[in-house]
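Number of protein chains: 2
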Amino acid sequence: MTTSWQEGKVLALSGGIGGAKLVLGLAHVLPAGALTVAANVADDFEHLGLAICPDLDTLVYTLAGLADPERGWGRRDETWTFMSVLATLGGATWFRLGDGDLALHAERTRRLAAGESLSDVIDDIRQRLGVATRVLPVSDDPVRTRVRTHDGWLAFQEYFVRRRCEPTITRIAFDGAASACAHPALVELLHDPTLRAVVICPSNPLISIDPLLAVEPFRRALALCRAPVIGVSPIIGGRAVKGPTAKMMGELGIAIDAMTAARHYGDLLDGYVIDEADAATCATDVDMPVRAEATLMRTVDDKMRLARAVLEFADELSSMHERAFEARR
Amino acid sequence: MTTSWQEGKVLALSGGIGGAKLVLGLAHVLPAGALTVAANVADDFEHLGLAICPDLDTLVYTLAGLADPERGWGRRDETWTFMSVLATLGGATWFRLGDGDLALHAERTRRLAAGESLSDVIDDIRQRLGVATRVLPVSDDPVRTRVRTHDGWLAFQEYFVRRRCEPTITRIAFDGAASACAHPALVELLHDPTLRAVVICPSNPLISIDPLLAVEPFRRALALCRAPVIGVSPIIGGRAVKGPTAKMMGELGIAIDAMTAARHYGDLLDGYVIDEADAATCATDVDMPVRAEATLMRTVDDKMRLARAVLEFADELSSMHERAFEARR
Chain S
1 MTTSWQEGKV LALSGGIGGA KLVLGLAHVL PAGALTVAAN VADDFEHLGL
51 AICPDLDTLV YTLAGLADPE RGWGRRDETW TFMSVLATLG GATWFRLGDG
101 DLALHAERTR RLAAGESLSD VIDDIRQRLG VATRVLPVSD DPVRTRVRTH
151 DGWLAFQEYF VRRRCEPTIT RIAFDGAASA CAHPALVELL HDPTLRAVVI
201 CPSNPLISID PLLAVEPFRR ALALCRAPVI GVSPIIGGRA VKGPTAKMMG
251 ELGIAIDAMT AARHYGDLLD GYVIDEADAA TCATDVDMPV RAEATLMRTV
301 DDKMRLARAV LEFADELSSM HERAFEARR
Chain C
1 MTTSWQEGKV LALSGGIGGA KLVLGLAHVL PAGALTVAAN VADDFEHLGL
51 AICPDLDTLV YTLAGLADPE RGWGRRDETW TFMSVLATLG GATWFRLGDG
101 DLALHAERTR RLAAGESLSD VIDDIRQRLG VATRVLPVSD DPVRTRVRTH
151 DGWLAFQEYF VRRRCEPTIT RIAFDGAASA CAHPALVELL HDPTLRAVVI
201 CPSNPLISID PLLAVEPFRR ALALCRAPVI GVSPIIGGRA VKGPTAKMMG
251 ELGIAIDAMT AARHYGDLLD GYVIDEADAA TCATDVDMPV RAEATLMRTV
301 DDKMRLARAV LEFADELSSM HERAFEARR
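Those sequence lines, one after another, are chains S and C.
As numbered in my numbering, the first sequence has no gaps in its residue numbers, which increase by one up to the final residue, 329.
As numbered in my numbering, the second sequence has no gaps in its residue numbers, which increase by one up to the final residue, 329.
What the hints contain is simulated information worked out from the structure, not anything from laboratory work.
Heads up, a few of these hints could be off.
[Stated by the list, open to error] Simulated restraints, written as ranges between beta carbons of each label pair:
no., chain 1, residue 1, chain 2, residue 2, range
1, S, R76, C, E46, 30 to 40 Å
2, S, H191, C, S179, 26 to 36 Å
3, S, L129, C, P31, 49 to 59 Å
4, C, K242, S, R148, 55 to 65 Å
5, S, D77, C, T93, 50 to 60 Å
6, C, E116, S, G130, 16 to 26 Å
7, C, A280, S, G90, 36 to 46 Å
In this text, a Cβ means the ideal position worked out from N, Cα and C, and glycines have one as well.
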C-alpha cells in the first residue's frame with residue numbers, strides 16, 4: 001500500500017439496497033469525490049406517468065442520509081397521503097410511492113421530458129442533496145429487465161413488486177442492453193490510470209449487476225481496466241441477506257453458496273471477499289485470491305469496516321500485480 | 001310553484017371556490033342526482049407533467065366533503081411533503097400541490113393518456129367519492145384562458161397563481177373555445193323539458209363563467225332553454241367577496257357594483273339575485289326581475305338558504321312566464 005493508491009479513485013458497481021450499504025461505507029472512508037458509483041437502471045420503469053429509478057434513488061437517498069433505515073427503500077420521515085388517496089380513486093397501489101419520494105419522480109420526469117439526460121438530472125439532484133459521490137446510471141439509454149416465468153414474460157417490477165417474486169423464473173433478459181452506450185464518464189474512469197479499485201458491491205448478481213455487465217462497452221472497459229476488481233459476496237452463511245437472490249438463483253439452477261458470485265463474474269474479478277462465516281466451508285473451485293471479512297452491514301461502522309477491508313485487499317493485490325490486471329482478463 | 005317543478009332537474013354554471021359554495025347548497029336542498037354542474041375548464045393546465053383542473057376538483061372536493069374549509073382550495077387533512085421535498089430538488093413550487101391532491105392529478109393524467117375523456121374520468125371519480133351530483137366539464141376539448149397584460153400575454157395560472165394577479169390586465173381570451181364542442185349531456189339537459197332552473201353561480205364572470213359561455217354550442221343551448229336562468233351576484237356591498245374579481249373588472253373598465261354580472265350576462269338571464277346590502281343602492285338599469293337575498297355564504301345553512309331562495313325565485317318566474325323563457329333571449 002502506498003499513499004498514492006489511497007488517493008486514487010474508486011468505482012463501485014451497485015444495485016439498490018444491499019449494494020448501497022457498501023457504497024455508503026466507501027463514501028465514508030474515501031476522500032469526498034473519490035468514489036463514483038455505476039448504478040443499475042434495468043429496474044427503472046414508468047408508472048403513473050412517472051419515470052421511476054429505484055436503484056439510483058436508493059443510492060442517492062442513502063448517500064444523502066435520507067434513506068429510510070427500516071424499509072430499506074424510499075425516504076425517512078416519509079408520509080403516505082398520496083397512496084391512501086389514490087386507493088380511494090381506484091388507482092394502482094401495488095407500487096408504493098411516498099409523498100416525498102414522488103417529488104423526485106415528478107421532477108425527474110419533467111426534466112427528462114424537457115430533454116435532459118438521466119445522468120445529468122441525477123447528477124444535479126445528488127449535488128443539491130449534498131452528495132459528494134457521483135452516482136451515474138451505467139447508461140443513459142433505456143435498459144429494462146424482463147423475466148420469463150411459467151406465466152410468460154413479465155416486466156421486472158411486475159414480477160418483483162406486484163407479484164412479489166412469486167412466479168418461478170426460467171430466464172432473465174435485459175432489453176436494450178445490447179445497443180446501449182455506456183456512460184462516457186464510467187468508461188473514462190475505467191481507463192483512468194489513477195483508478196485505485198473497482199468494487200462489485202454485494203448486490204444481486206442476476207438482476208442488479210448483470211444488467212450493468214450486459215452493456216457491452218461498459219463490460220469491455222471493465223475487463224480492460226488496470227485497477228483491481230474486487231467482488232463482495234451477496235451470500236452470507238449460504239443464504240442471501242435479504243431479498244429474492246437465493247430464490248432466483250435456485251430457480252435458475254445456480255448453486256447458492258458464498259462462491260456463487262465469484263463463479264458468476266469469473267475472469268472479471270481479481271479478488272473476492274466472502275463472509276467469515278463461509279470461510280471454512282465454501283468451495284475452493286475458483287482460481288482467485290479470496291479474503292474472508294465480516295460482510296454483514298448493520299451499522300455505519302460495519303459498512304466502513306468492510307469498505308476499508310475491501311480497499312486494503314485491492315491495494316495489496318495492486319502492489320503484488322503491479323497494476324497489470326488487464327492481463328488476467 | 002308546483003310539485004313537478006320541485007322535482008325537476010337543475011343545472012348550475014360554476015367556477016371554483018365561490019361558485020362551489022352555492023353548488024353545495026343546491027346539492028343539499030335538491031334530491032340526490034337532480035343537480036348537474038357545468039364546470040369551467042379554462043383554468044386547467046399542465047404542470048409537472050400533470051393534468052390539473054382546479055375548478056373541477058374544487059367542485060368535486062366540496063361536494064364530497066373533502067375540501068379544505070380554510071384555504072378554499074385543495075383537500076382537508078392534507079400533507080405537504082411532496083412540495084417541501086420538491087423545493088430541495090430545485091423544482092417549481094409556485095403552484096402548491098398537496099400530497100393527497102396529487103393522487104387525483106396523477107390518476108387523471110394516467111387515464112387521459114390512456115384515452116379516456118376528462119368528463120368520463122371526473123364522472124367516475126366523483127362517484128367513487130360518493131358524490132351524487134354530476135360535475136361535467138363544459139367541454140372535453142381544451143379551453144384555456146390567457147390574459148393580456150402590460151408584460152404581454154400570460155397563461156392563466158402564470159397570471160393567477162405565479163404572478164398573484166399583480167399585472168394589470170387589458171384583455172382576456174379563451175383559447176380553443178371557438179372550436180370546442182359542448183359536453184353533449186349539458187346540451188341535452190338544457191333541452192330537457194323537466195329542467196327546473198339554470199343557476200349561474202356567484203363565480204367570477206370574467207374568468208369562471210365567460211369561458212363556459214365562450215363555448216358557442218353551450219351558449220346557444222342556454223339561450224334557447226325553456227327553464228328560467230337565474231344569476232347570482234358575485235359582488236356584495238360593492239366588493240367582491242374574495243379573489244381578484246373586482247380588481248380585474250376595474251382594470252377592464254367594468255363598473256363594480258351588484259348589477260355588474262346582470263349587465264354582463266344580459267339577455268341570457270331571466271332573473272337576478274343581489275345581496276340585501278345592495279338592495280337600496282344598486283342601479284336599476286337592467287330590465288329583469290331582481291331579488292335581494294342574504295348571499296354571503298359562510299355556513300352550510302347559509303348555502304342551503306340561498307339555494308332555496310334561488311330555486312323559489314326561479315319557480316315563481318316559471319309560473320309567471322309559463323316556461324317560455326326562450327322568447328326573451
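Results of checking the hints against the structure:
1. S:R76 to C:E46: 30 to 40 Å: holds, 31 Å
2. S:H191 to C:S179: 26 to 36 Å: violated, 58 Å
3. S:L129 to C:P31: 49 to 59 Å: About 55 Å separates the Cβ atoms of S:L129 and C:P31, which means 49 to 59 Å holds.
4. C:K242 to S:R148: 55 to 65 Å: Since C:K242 and S:R148 have Cβ atoms about 60 Å apart, the given range 55 to 65 Å holds.
5. S:D77 to C:T93: 50 to 60 Å: violated, 19 Å
6. C:E116 to S:G130: 16 to 26 Å: violated, 42 Å
7. C:A280 to S:G90: 36 to 46 Å: This hint is violated: roughly 52 Å between Cβ atoms.
When the structure is compared with the earlier hints, violations turn up for hints 2, 5, 6 and 7 and for no others.
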